[in-house]
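> Sequence:
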Amino acid sequence: MVTVQIEVDIYPTEDEERVSEAVKNIFPHIILSYERLGNYGRIKGIGEGRDILETLRMLIRSRRIRSAARAFLKKHRIEKRLEFLLNKHAASVGKVSFCESESETPLGAIKVIIEDDEMDNLIRWLTE
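Under my numbering, the first residue of the sequence shown carries the number 227, and numbering increases by one thereafter.
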């Protein structure tokens, strides 16, 4: 079973609802929760099943970045676990943009953790 976890920080200059919408643009079926951490907040999401990843899959296809996405995801795979970052600003307009580090995006990134027993098949499915 595929398990998806999302984590994204909300900085004091950001609106919680807009950040939630950015996450929902990529993962519309994920269940989100909010927590306050001092001056900023954090949105966490969790979901199970490939349907959680269907919009991400379709956005990868529509942007025609399947081979680049496949290489990126394979690079960020650790056995049955896949960890990567998505640009928060790009997600806010319904686009997928992978990041190598948080420093690539001034407002931070959406951290995505996916676990699956058949990770090769999942990466293939996401990028076919």
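Derived by calculation from the structure, the hints in this document are not laboratory data. Be careful, since some hints might not be right.
[Said to hold, decoys possible] The calculated label-pair distances, taken between Cβ atoms and stated as ranges, are:
#	residue 1	residue 2	range
1	Thr239	Glu344	37 to 43 Å
2	Asp241	Glu328	15 to 21 Å
3	Lys301	Arg276	19 to 25 Å
4	Glu233	Asp343	20 to 26 Å
5	Thr239	Ile304	30 to 36 Å
6	Thr229	Arg268	14 to 20 Å
7	Ser327	Lys270	16 to 22 Å
[Stated by the list, open to error] Straight-line C-alpha distance at most 27 Å; calculated DSSO-like pairs for lysine-lysine:
#	residue 1	residue 2
8	Lys300	Lys337
9	Lys250	Lys300
10	Lys270	Lys250
11	Lys337	Lys306
Note that this is a predicted model, so its numbers are computed, not measured. All C-beta atoms, glycine included, are put in the ideal place defined by N, C-alpha and C.
> Which hints, by number, does the structure contradict?
none
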